[in-house]
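For the protein sequence lines, the chains are A and B, in the order given. All you need for our numbering is the position in the first sequence, starting with 1, plus 7. All you need for our numbering is the position in the second sequence, starting with 1, plus 7.
Some hints here could point you the wrong way.
Distance condition first, Cα-Cα at most 30 angstroms in a straight line; then the derived DSSO-like pairs of lysine-lysine [stated by the list, open to error]: (1) A:K27 x B:K90; (2) A:K27 x B:K193; (3) B:K84 x A:K212.
Not close to chain A: a few residues of chain B, all C-beta gaps over 12 angstroms, as computed [unchecked claim]: (4) A41; (5) A57; (6) D316; (7) T339; (8) R487; (9) G536; (10) P551; (11) L555; (12) E609; (13) M630.
It is worth saying that the hints were derived from the structure and are not from the lab. Note that CB positions come from ideal geometry on N, CA and C, so glycine has one too.
Protein chains: 2
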Amino acid sequence: MSESYWLWYPGDFELYHAMKQNFSRVERGCAWPAFWKSAGFRNRVAFRRAYELDAETGFTVYGVTGAQGYVQVDDAKHPFGEKISVCPGSHTISVHIACIGCVPSIYVEGDVICSGAGWMADDFDGDPVPAAYNRYFTDPKWDPSEWKYAEKEYRPIAVESVRGGALYTFETELTAALKITWDKAKVEAPRVYLGESRAEALDTKNCYYHCQPDRNTGLCPRQALRYAFLPGCAPEECEVTAIHQYIDIPVKAAFSCDDEELNRIFAVSAHTFMLCSGAFFLDGIKRDKWIWGGDAYQSLLVNRYLTGDREIEKRTLIALRGGDPVTTHVNTILDYSLLWILSVDAYFESYGDREFVDFLWPKMESLMALCFSQREEHGFVVGRKRDWVFVDWADFDRDGPLCAEQMLLCEACRVMEKLAPRERKAFYAKERESLLCQIERFFWDEAQGAYVDSFTSGKRHVTRHANIFAILFGIADEARQRLLARSVLFNSAVPAITTPYFRFFELEALCRLGYLKEVLAEIKAYWCGMLKLGAVTFWEEYDPKKPLKAQYEMYGDPFGKSLCHAWAASPIYLLARYFAGVRALTPGGETYEAKPQTAFFEHLDCRFPMGEKQLHIQLNQGMLREELTEQGKGLTP
Amino acid sequence: MSESYWLWYPGDFELYHAMKQNFSRVERGCAWPAFWKSAGFRNRVAFRRAYELDAETGFTVYGVTGAQGYVQVDDAKHPFGEKISVCPGSHTISVHIACIGCVPSIYVEGDVICSGAGWMADDFDGDPVPAAYNRYFTDPKWDPSEWKYAEKEYRPIAVESVRGGALYTFETELTAALKITWDKAKVEAPRVYLGESRAEALDTKNCYYHCQPDRNTGLCPRQALRYAFLPGCAPEECEVTAIHQYIDIPVKAAFSCDDEELNRIFAVSAHTFMLCSGAFFLDGIKRDKWIWGGDAYQSLLVNRYLTGDREIEKRTLIALRGGDPVTTHVNTILDYSLLWILSVDAYFESYGDREFVDFLWPKMESLMALCFSQREEHGFVVGRKRDWVFVDWADFDRDGPLCAEQMLLCEACRVMEKLAPRERKAFYAKERESLLCQIERFFWDEAQGAYVDSFTSGKRHVTRHANIFAILFGIADEARQRLLARSVLFNSAVPAITTPYFRFFELEALCRLGYLKEVLAEIKAYWCGMLKLGAVTFWEEYDPKKPLKAQYEMYGDPFGKSLCHAWAASPIYLLARYFAGVRALTPGGETYEAKPQTAFFEHLDCRFPMGEKQLHIQLNQGMLREELTEQGKGLTP
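Chain A on its own, in the form it takes in the complex (with noise of 0.2 angstroms):
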C-alpha cells in the first residue's frame, strides 16, 4: 500500500476541532463553552481525482464516524468499504460524502490508488480547490474526527497521607487522563480531586475538577493536573497513573548559557509552551483551554524560535479567524481581530510561506473590510454595541475612539500593503498614511510627550499600551521613540503594566530601544520569582510582592489563576531575538542574522528553528561558531 492521508475539504478540519477545543473547557462540574460565534464546517463535499492506469489495481475508501456517501468509479457506483478493482485505462473517481456531526472526510487505501496530493475537493459551490490534509491522520482506523493522542505515562514522585485522604504529586503539570487502581469492593470508584498546586487539589470545595474514574478502565477523563488528591483512600490502597496525552511536536530549541536561572527559565518557558500547544495554541492548559487570538500572536512569535511547526500556526490562524461572512471579531474582541492580520505577517515572516498567505487572503480582506466599517468620523475604528475593546486589564480613558486600537489598525494596514497582491497595494497604503495624520492630530500630546487614551474626553490620560505600539510598529519615529521611553516607559508616573501579556509588548519595546540590561533584569526577577516559588512552568500572572499563598487567586476566585500560561513563555522570543541576535533576514530565513550580545554572555550554545532548517549558534569567548542544519539533524532540545 502507498502512504494515504485523509482528506477534507480546506479549513473545515481546523473549524471543527475548534469547536471540539473551544467547548471542552470544564469547571467545577459546569461546561463552559466559549462565548463566542462559532464557525461550522462543511457538510456535504465530494472528491475527486482521475486515474491513468496501466495495469488493474484495487482500493478501499473510507468515510469519516457517521458519514454518509458513496465512492463513483465512472458511472458505476460502490459503497464505502469495499474494495474496488479497475481495469487499466482512464478513469475518474469521485467520492461523495455528507457528515453531520463531523468534518467530511475520506481515506483510500490503494497501492495506485490512494488519498494525499492530487486529489480536488469540492463543496458543491465554489469551483473546486486542492484537499487538504496532515501528517497525524494516516491511518484508516483512526479517523479526524477525534486528534489521536501520543502518550507518555507518569508515576507520581510523591504520595503522602494527608486529611484523610491520599495526595499524589506528579514531577510537573500535564494534561493527563489518571489510571486508578482501587479495591473495588470497597467503593464503587472513588472521587479524585485534581490541582494544579497542592492547595487546590487538597481544597475540595473549590478545586476546579473533580471526577471519578471508569469503573471498568480506571480511566479519568483528560484534565490538567499536577497533584490529585482522593479523600478517605489510604496510600496504599490505591495507585495512581497519569498518562500525559499530547500531539507530538518535535521542539528544535535549546539555550545554553553562562548563566544557569537564564538556562532554567529557558527551559522552563519552552515546557510551558508545549503544554499549551496542541490542536492549537491555547492559553492554558487548565483554563481556558480556548484559543484567543491576542495570546495566540504572541505564541506565533515563540513558536517561531522553539519548533518552527508551521502546521500549529495555520491550524491556529485559520481556527481564529473562523468563516465568512465575517460579522463578528475574532473573540468578539477588536484588537484581537487586528492582531489577527499581524498574526498572519509574524507566519509569513517565519515561513515565506505565500502559498498560505494567498489562502487566506480573502479573509484578510473581508476582516479588513469589517474594522473599516466600523470607523468614525475622524476614520478612527471603534467598538460596536456587542463588541469587546480589549486591548489589556487596564485603566484607559475609553470616552470615544481608544488610541491603542488605531495604533493596531495601523500596523494592520501595513501588514495588509505588504502582503496585498499588487492592484490592492495602494489602497492599504493610502490608508495608513491619512491613519497616521489623524493619530498625529488627535492623539499626540505635545506637552506630555505621549500618545493619549482619548481626544474626547479632555482627560489627555496617557496609559503605557499605545505609547509602546507606538515604538513596536515605528509609528513614532525614532527621536520620538527615545522620548517615549522618558516620558512614559521609564516615568512612574504611568502606572505599570499588570499583565505578563502587556507585558511582553513593553519589554519588547526595550529591548528595540537597546534597554537589553534592564530587559534581562526584569526577566531574572520576574521569572526566577516564580521559579523560587516552585513553578515547574510558568503563570498567567505573578505578583512578586505576594506570598506563594496568595498566589493561586485571580478573578475574584481562589484558583482561578492558571499555572501553566503560554504568554508566559514570552522569555523564549526575547532571549532568542534579542540576547542570541537570532532573525530571519528574509522571510522564510533564506537569508538571516546571528548576532549574540556578547556583553552578557562569555558562553552561548543555542539552537532555533530557521525557516526549515535549524541554526546552531556557539559562542565562546567573544567567537561565534554557526551552523545550519536541515531539519531534523541534530536536535538536542
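With the hints as your guide, set chain B onto chain A.
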C-alpha cells in the same frame, strides 16, 4: 410541572433535520446524499429569560444529546440535569449551550420556570430573537436530535411461497421498520429484499433496498416498502410485521361526490401525499427522499386543501432556502429559487402569516439579489457555470436566456412587490415592468401566437412551458390567454408535457381558462389509469400506453420510478380549487368563496382547511350548504 418545549435558535432545527433528510437516501447499499450545498446550523447559542418570582421555585435544565453547557442564575453557575432552587425576587436566567453534532437545544422543566414562549435566543452575532420550538418536542426524554415517530403496525395481507422464498405483501406502501422473527438457530439473520412493487421485491439483483434485521431486536432500518421478500425462507418459518413510522399531521379534508372514481382519486392522492409529508415535503418515499423546491411548491398548494398544517410548510421553506450569504440556488436549480419565492406567496395566501413572511423577508431579498446578479444585457436571467436551468424534462431550445425562466422571474417580482415592506415595493414593481416589456419584445412571436424558448438561436422553437406560465401568472392578457389555448395548449404540433410535475401547471392553466370538462376527463383518464393497474399510491410518472410490467422503469433503471410521489397528488388541489370551487378571498381565509361546479356534481360533500378553520360544503341537487367550524371539530378524513 407546566408544559415545556425544547428550544432552539429559529431556523436551526429545520437546517439540521433537512441535512438528516437529504443525507438519508440509500440505494443498493450506497448512501446517496443530495448533491447540493447544505447549510449548517449554529453550534453555540444562549437562551435567556428574566423572571419575577413570588415564591421559591425549582427547575431543571436539560441539553440535547452531546451538548456542553451550563445554567446561570444571576451570578451562579449550575450544570445541566441538576435541580436548581430559586428564591423569590427578580432573577435573570441564561442557559449556555454548544453542540457540534446537532442543533443546540435546551429543555427547562419546572412549575414556574419552564421553556416555551418568552425565552430569547442569542447566537453571539445579531440581536437576540425569540427562541423557537414546536409541538412535537415537549418531552425532556425525547430531544430534537431525532424525530419521534408515531407508529402503526401493519400485518401482511398476503404471504406466499415464491421462488424458493417467502413474499409478504402489505395493503399499502409504507415507510416502515420491518420487525422479523425467525429461527435464529437456522440463520444468523435473514436477508430481506424490499419493493414498492412485487416485481421489485422479487428481483434481488435490481431492487433498491435490501437489509438484514438486527439479531437482537429483529428490526430492519426504516424504509419505503410494500413488499418484502425473504429468499430461502418458508412462509411459516418467519413472521413479518411492518411498523409504519410517521409524523402525525392530521388530515382536515374529505371529498365525496357522486363519481366514485373521483372520490377514489382524491383518497389515494391524500394517502400518497401524507406518506410523502413528514418533517418536510418530500418528492417520494423510496426515491429521492430529498426536499426539492419545485415539488415543494406544488405540495404547498395541495397541503392548503388537505391538512392546512402550516408547520410542515414553514419547515420546508426554511430547509429549502438554507443559509446566507446565498451563493447557490435552491437544489442548485435556478427555477427552483424562483419557485421558492412563489412558495412563500402560496404560504402567505394560505395562512395570512405576516410574521413568518417577515422572518423570511431578508432571505427573499438576498435570493432575489442573487437572481438579479445573473442577468445578461437585456435584463434576462441566465444560469451560471454550476447552475442547473431545469424548468422540466423537455427539449427546450436552450440557446441564450430561456423564456420560462423569465416568466418565473417576472412572477417572483410580483410576489416580492406584494410582500415587500412599503419602501421596497416600487423597486420590484419597476423590475417587473421592464422585464414584461423585454419578454414581449424578445420572446413573443406574433406569427406563431406563442412565446418562443429562445430569441438568440433564431429557431423560434415553441414549447408549452413558458406559455403555460404566461397564463398562470397573468403575463398574457385575457385575449392572448385564449389565443395561447388554441395555438399551444390544444395544438398537438407542440410537444406534449411528459412529466406529471409540469402537467399539473398545464391542467391548472386549463382550469383557469375554463376547460374544466377537459381537465376532469384528463384527471380521470390519467389517475384512474394508475388505479386500474393496481396502484395504491400515485406514481412519479405514468404512461397509459405501457403495460404494467413496463411501468417501473425510469431514468434508465428497471425500478427507478417512484411509486409514491407527492407531485402525483395534485388532483387534490385541482378538485378542491376548481371543482369544489373553494378558495380564500383574503390571505388566511378570513373571507372565502365556495362555488362548486354544479354542472359536474349532483351531490358533493367536502371538507377543506380554510386558514385555521375548516370549511364544510354540501351540495345537493343545486342546493349549497356551507359551514365553517373551528379547527379540530367535525373532522372526518
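Structure-based check of each hint:
1. About 27 angstroms separates the Cα atoms of A:K27 and B:K90, which keeps this hinted pair within 30 angstroms; it holds.
2. Our distance criterion of 30 angstroms between C-alpha atoms is broken by A:K27 and B:K193, whose separation comes to about 47 angstroms.
3. With a C-alpha separation of about 15 angstroms, the suggested pairing of B:K84 with A:K212 holds against the 30 angstroms cut-off.
4. Listed as a non-interface residue, B:A41 fails to keep its Cβ farther than 12 angstroms from every Cβ of chain A; the least gap is roughly 7 angstroms.
5. Consistency note on B:A57: stated as away from chain A, and its beta-carbon is indeed over 12 angstroms from all of that chain's, at 19 angstroms minimum.
6. B:D316, annotated as away from the interface, keeps every beta carbon of chain A farther than 12 angstroms; the closest lies near 26 angstroms.
7. The claim that B:T339 is not at the interface with chain A is violated, since a C-beta of that chain comes within 12 angstroms of its own (minimum 7 angstroms).
8. Its beta-carbon lying about 40 angstroms from the closest one in chain A, B:R487 satisfies the requirement of being farther than 12 angstroms from that chain.
9. Taking the minimum C-beta to C-beta distance to chain A, about 33 angstroms, the non-interface status of B:G536 holds against the 12 angstroms cut.
10. Every CB of chain A is more than 12 angstroms from the CB of B:P551 (nearest about 32 angstroms), matching its label as outside the interface.
11. No Cβ of chain A comes within 12 angstroms of the Cβ of B:L555; the nearest lies about 28 angstroms off, and the non-interface call holds.
12. Its beta-carbon lying about 54 angstroms from the closest one in chain A, B:E609 satisfies the requirement of being farther than 12 angstroms from that chain.
13. No beta-carbon of chain A comes within 12 angstroms of the beta-carbon of B:M630; the shortest separation is about 57 angstroms.
In this structure, the earlier hints numbered 2, 4, 7 are contradicted, and the remaining ones agree with it.
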